[in-house]
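Trainee: Given next are the chains, with one letter for each unit.
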Amino acid sequence: MSGTDFLTTRFDTAVGWARKFSLFHYPFITACCGMEYMSTACAHFDIDRFGAGLTRFSPRQADLLLVVGTVSHKLAPVLKTVYEQMVEPKWVIAFGACAVSGGIYQNYAAVQGIDRIIPVDVYIPGCPPRPEMVLDGLLKLQEKIQKQPQDWRWRRKT
Amino acid sequence: MEKENLIEEIRKRFPAEIESDIETLGDQILVVRREGLIAVMSGLRAAPFDYAVLLDLTCVDFLATENRFEMVYHLFSLSRNRRLRIKASLPAEAPVVDSLVGLWKNADWLEREVFDMFGVGFMGHPDLRRILMYEGFEGHPLRKSYPWRKEQPLIPMKD
Amino acid sequence: MESRIQKEARPDTMLLNMGPSHPAMHGTFRIMLELEGEKILNAEVEIGYLHRGFEKTCENKTYFNLLPYTDRLNYVSPQINNLGYAMTMEKMLGIAVPERAQQIRVLMSELSRVSDHLTCLAAMAMENGAFTVFLYMMKAREFLWDVIEFTSGSRMTTSYIRIGGVRADLSEGWRDSVRTAVVETRRVLKDVHGLLDKNQIFLNRTRGIGAISKEDALSYGWTGPCLRSTGTLYDVRKAQPYLIYDRLDFDVPLGEHGDNYDRYMVRMREMEQSLWLIEQVAGLIEDKKPRAKAEEIEPTEAVRIGRLQKPLQKIRLSPNLEGSEKERYPEILTGDAPVAVPPKEDTYTTMEGLISHFLFFMKGYGIRPPKGDVYFSVEGGNGEVGFYIVSDGTDRPYRLHLRAPCFHIISAIEQLIRGRFVADIVPTFGSMNMIGGELDR
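Protein chains in written order, with the working numbering: chain A, 1 to 158; chain B, 159 to 317; chain C, 318 to 758.
Only chain A is shown next, with the shape it has when bound in the complex (with noise of 0.2 Å):
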């Protein structure tokens, strides 16, 4: 990407580094995953040591949107408003089968997969997945914060 030199990319090193361990999360707790979000934040899983543990109950103060457990189409619109809420940079993790693709659940009331609805950024199987398995998706988060580039357009000569 033109405008981008040495100086550009360890910055941009610098600042995923920052993001990707001070991750605020606004969990959207439905259902059953619930329980083992609940557990992965508690003290036998716990998630504060990869600097993701402060949990922030307004989305406006938060940059991670752990979506936990089925979106109804009742909830699809209070799910739109809350990542519209969000200040960017904002990550989407889509915890448990129902958040990932409708789950178990094909029916007129659960929406299929909320990226049908929000952009989603890593998506988390399991019905509940286990705490280890939400800890590697957060590590596939932190990998993918790290690396993603600023938007150096601005420097771009002539």
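It is possible that some hints are incorrect.
[Said to hold, decoys possible] For each label pair, taking beta carbons as the anchor points, the in silico distance ranges come out as:
1. Gly282(B) / Ser530(C): 44 to 50 Å
2. Pro328(C) / Pro284(B): 21 to 27 Å
3. Pro305(B) / Pro119(A): 25 to 31 Å
[What the hints assert, rightly or not] Subject to a maximum C-alpha distance of 20 Å in a straight line, what follows is the list of computed EDC-like cross-link-like pairs (lysine to aspartate or glutamate):
4. Lys456(C) / Asp48(A)
5. Lys456(C) / Glu132(A)
6. Lys688(C) / Glu181(B)
7. Lys80(A) / Asp115(A)
8. Lys302(B) / Glu639(C)
To be clear, the hints were calculated from the coordinates, so they are not data collected in a lab. Beta carbons: idealized from backbone N, C-alpha and C, even for Gly.
Place chains B and C on chain A using the hints.
Mentor: Leaving out everything else, chains B and C in the frame of chain A:
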């Protein structure tokens, strides 16, 4: 009063409203005409039958038959530790029945759910509107005529 | 669309929405409040945000296939829902379950009940500010889930209790894991009693708040710990004993005022009773000799030998199937009727076994109860969990209805919070243990 006499006592009290009684798998069932439902329910709630708890209120959709909907009520008597199931059939053209809100307070939400899922009307209900589905949802999902997988999204879905 | 509260509200009051996505709303629950300062004049509750079409789905799945859907109803105590469904089907089919399976079922039910109460009180305490209680109780819950995981393979939604018995026998070393779980949970309960019982802040937030009278509770159809907190003795395990509860010794704790503090205390005492039940059942269950793994042969080898003679050694199965070998079947699954998956040794090595396997799973075959309807209920974490199944003789239920205990409990919440302050909603709602999967089905 003993269990064997219970059904006879109830039938003696409400001879016109009760159509039949069945006992299957240890459960007592009374089939009631829908016009007499309120009378039977108030009588059962009071002494000496003491069915103080309305455990459940639901509906079954028999699509093929003339009496399409069948309301099923489960009553429980705490003092006598006895259960009773009451059924009342409703025709397909006018599925309306009396509301039990005056007798048991949980009938409010239970009847709203039956209205939402089956489209059965309840006369005398203070606030009959959808409870589980959203405004703008057309149709009644648990009817046999509603397709299982027909989604009605509230916001546009990407594919 | 104007909601009812918007139409009824006075023009000088404030309308506040505690929306469906809220940390204290246990998932998805919406309360719309009409406030004058902090005082609640009117409240309207909206549910249905987790309606997943359980009952309609069940009409399109076979009786065996819909078992995982029952797990996800009350998802903090999934084995109890499995049990309710399995026992309703057993009542309809008229089959008896072997003794060991009943004992294992009681063990799993009580482990589920303890984890249900732990989750409820942990969430309630955390929302009131006692974060330590939340962490302690989650730690105890991990030990309980370890026991469930060693036997059934999954921590939470297990589909372990099946129609006719249980899926597999208890794992080796289950006694140690049960002992660890009970000891750790007792330790945690002792700590929590010390932290919350006489804590002035907790008492101020829960004593006298959210109180309900006995008559109102019965009129609303309350059951379970919330009803028992008003002083009414009704426990399905005592009133209509199922499994082996009539032979076990346990008390049913009762409250007095029906307020939040009583609901908290009833749940704490019930956990102690459940731990005592777990110890009793663990004493009743006999130990089994472990299989000698070295002598086992592969299924293909068994088929080759079986052409000329019956193989003498046992057949090696996948480690996932540990506990569900053919020799365990008479103890864990009923022999009355073919309601369970045929043993894998037969399926892999004999033609008749393979055919019976297919006939169990194929659409149109499998479990086909006689025409009729049945209702059966068990004591869940929230109260009486009842299943009403209407069968028309085919392999799918014609109608399956769940009597959800927290549906009735939550229908009273508007009455309980009216006239109180906004801050009182949190302990009241937390002590009622709303579980979205059960409330909205």
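Trainee: Within 20 Å, alpha carbon to alpha carbon, are Lys302(B) and Glu639(C)?
Mentor: violated, 41 Å
Trainee: Is the straight-line distance between the alpha-carbon of Lys456(C) and that of Asp48(A) 20 Å or less?
Mentor: OK: Lys456(C) and Asp48(A) at ~16 Å, within 20 Å.
Trainee: So the hint says 44 to 50 Å: do the beta-carbon atoms of Gly282(B) and Ser530(C) match that?
Mentor: Once the Cβ atoms are compared, 25 Å apart, the range 44 to 50 Å for Ser530(C) and Gly282(B) is violated.
Trainee: Taking the Cβ atom of Pro328(C) and the Cβ atom of Pro284(B), is their distance within the range 21 to 27 Å?
Mentor: holds, 23 Å
Trainee: Compare the distance between the alpha carbons of Lys688(C) and Glu181(B) with 20 Å, and conclude whether the hinted pair is satisfied.
Mentor: holds, 14 Å
Trainee: Verify the CB-CB distance for Pro305(B) and Pro119(A) against the hinted window 25 to 31 Å.
Mentor: holds, 30 Å
Trainee: Hinted pair, alpha-carbon criterion (20 Å max): Lys80(A), Asp115(A). Please report holds or violated.
Mentor: Given that 20 Å is the threshold and the Cα spacing comes to 11 Å, the pair holds.
Trainee: Taken at face value, is the distance from the CA of Glu132(A) to the CA of Lys456(C) at most 20 Å?
Mentor: At roughly 16 Å apart (the allowed maximum being 20 Å), Glu132(A) and Lys456(C) satisfy the hint.
When held up to the earlier numbered hints, the structure conflicts with 1 and 8 and fits the remainder.
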